[in-house]
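**Q** Spelled out, the chains give:
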Amino acid sequence: AQKVTQAQTEISVVEKEDVTLDCVYETRDTTYYLFWYKQPPSGELVFLIRRNSFDEQNEISGRYSWNFQKSTSSFNFTITASQVVDSAVYFCALSGRGNQAGTALIFGKGTTLSVSS
Amino acid sequence: DAEITQSPRHKITETGRQVTLACHQTWNHNNMFWYRQDLGHGLRLIHYSYGVQDTNKGEVSDGYSVSRSNTEDLPLTLESAASSQTSVYFCASSDVSGLLGDTQYFGPGTRLTVL
Chain A
1 AQKVTQAQTE
11 ISVVEKEDVT
21 LDCVYETRDT
31 TYYLFWYKQP
41 PSGELVFLIR
51 RNSFDEQNEI
61 SGRYSWNFQK
71 STSSFNFTIT
81 ASQVVDSAVY
91 FCALSGRGNQ
101 AGTALIFGKG
111 TTLSVSS
Chain B
1 DAEITQSPRH
11 KITETGRQVT
21 LACHQTWNHN
31 NMFWYRQDLG
41 HGLRLIHYSY
51 GVQDTNKGEV
61 SDGYSVSRSN
71 TEDLPLTLES
81 AASSQTSVYF
91 CASSDVSGLL
101 GDTQYFGPGT
111 RLTVL
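From first to last, the protein sequence lines stand for chains A and B.
The first sequence begins at 1 in my numbering and counts up by one.
The second sequence begins at 1 in my numbering and counts up by one.
For the record, the hints were derived by calculation from the structure and aren't laboratory data.
Note that this is a predicted model, so its numbers are computed, not measured.
From the three backbone atoms N, C-alpha and C, an ideal C-beta is built for every residue, glycine too.
Possibly wrong hints are sitting among the right ones.
Said to hold, decoys possible - Listed next, the stretches of chain A that the computed footprint assigns to chain B, with coverage defined by at least 3 CB atoms under 8 Å from CB atoms of chain B:
id, stretch
1, 31-45
2, 107-115
Said to hold, decoys possible - The list that follows gives simulated cross-link-like pairs (lysine-lysine, DSS-like), each with its CA atoms no further than 30 Å apart:
id, chain 1, residue 1, chain 2, residue 2
3, A, Lys109, A, Lys70
4, A, Lys3, A, Lys38
5, A, Lys38, A, Lys16
6, A, Lys38, A, Lys70
7, A, Lys16, B, Lys11
8, A, Lys109, B, Lys57
9, A, Lys3, A, Lys109
10, A, Lys109, B, Lys11
11, A, Lys38, A, Lys109
12, B, Lys11, B, Lys57
13, B, Lys11, A, Lys38
14, B, Lys11, A, Lys70
15, A, Lys70, A, Lys3
Chain A extracted, bound-state conformation (with noise of 0.2 Å):
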């Protein structure tokens, strides 16, 4: 069974800490990609990044940054420098053929990061 675990639900910092949000998948398929999405509190879910089994580089974007390690099927993500603007909900997510709802994503249940000013 495909599953995916994040396993910190709430994570409060004060403005320009560096923050790291946890993901580990789990899948038996060797092609699969994971997602990171963003859920400000207006409610809508932002797409951040997707990427694929077979590339575990690192990818930096701007304050944000994701570490793909294979090896212990972990998908972190960290916001460096943390704004206040960065306080959402970020959900993790996992799409693998051995899912039997298809190309459907599997969801963490999200961590909630606050950050004060």
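Dock chain B against chain A, hints included.
**A** Frame of chain A; chain B shown alone:
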């Protein structure tokens, strides 16, 4: 700009009533999905479609149905609303029919309350 919209954005209904939530996308995407979001559960898949006339059940499909008569729309119907169906509902779409890893883009969500 292409987009995905949901209506209504908020709905209050009574137990036993039939409710239909609309989802419309203008990207001409083949794949469309319905998820529900509940506290402590993240998002869970209700139904999905890979194209016109194609519908499939997801993890939590009991009490829900969908139909796909055109590319743009995937309405979600609650046949007889129950309090357990109080939730936030998200529609999503992605481009290539059945393509693994295709990025899904989400609508703004519909908050449904069943009294």
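**Q** Hint by hint, note whether the structure agrees.
**A** Here is what the structure says about each hint:
Counting residues of the stretch 31-45 of chain A whose C-beta sits closer than 8 Å to any C-beta of chain B gives 8, which meets the bar of three, so the coverage hint holds. Restraint check on the stretch 107-115 of chain A versus chain B: 4 residues with Cβ-Cβ distances below 8 Å, three needed, restraint holds. Pair hint Lys109 of chain A plus Lys70 of chain A holds up; C-alpha atoms about 21 Å apart against a cutoff of 30 Å. Taking the CA atoms of Lys3 of chain A and Lys38 of chain A, the gap is near 19 Å; set against the 30 Å cutoff, the hint holds.
Between the alpha carbons of Lys38 of chain A and Lys16 of chain A the distance comes to roughly 19 Å, so the proposed pair stays at or under 30 Å and holds. A threshold of 30 Å between alpha carbons decides the hint, and for Lys38 of chain A with Lys70 of chain A the separation of about 23 Å falls inside it, so the pair holds. For the hint linking Lys16 of chain A to Lys11 of chain B, the alpha-carbon distance of about 39 Å lies beyond 30 Å, and the restraint is violated. Our distance criterion of 30 Å between C-alpha atoms is met by Lys109 of chain A and Lys57 of chain B, whose separation comes to about 21 Å.
Only pairs whose Cα atoms come within 30 Å are accepted, and Lys3 of chain A paired with Lys109 of chain A is accepted, the gap being roughly 10 Å. The suggested pairing of Lys109 of chain A with Lys11 of chain B holds, with an alpha-carbon distance near 24 Å, which does not exceed 30 Å. Taking the CA atoms of Lys38 of chain A and Lys109 of chain A, the gap is about 12 Å. The hint holds against a cut of 30 Å. Taken as a hint, the Lys11 of chain B and Lys57 of chain B pair is honoured in the structure, with Cα atoms around 24 Å apart against an allowance of 30 Å.
Distance hint between Lys11 of chain B and Lys38 of chain A is fulfilled; the C-alpha atoms sit about 24 Å from each other, no more than 30 Å. Of the supplied pair hints, the one linking Lys11 of chain B and Lys70 of chain A is violated, its CA atoms being roughly 43 Å apart against a limit of 30 Å. A hinted pair counts as satisfied when its Cα atoms are at most 30 Å apart, and Lys70 of chain A with Lys3 of chain A qualifies at roughly 15 Å.
The structure does not agree with the numbered hints 7 and 14 stated previously, though it agrees with the rest.
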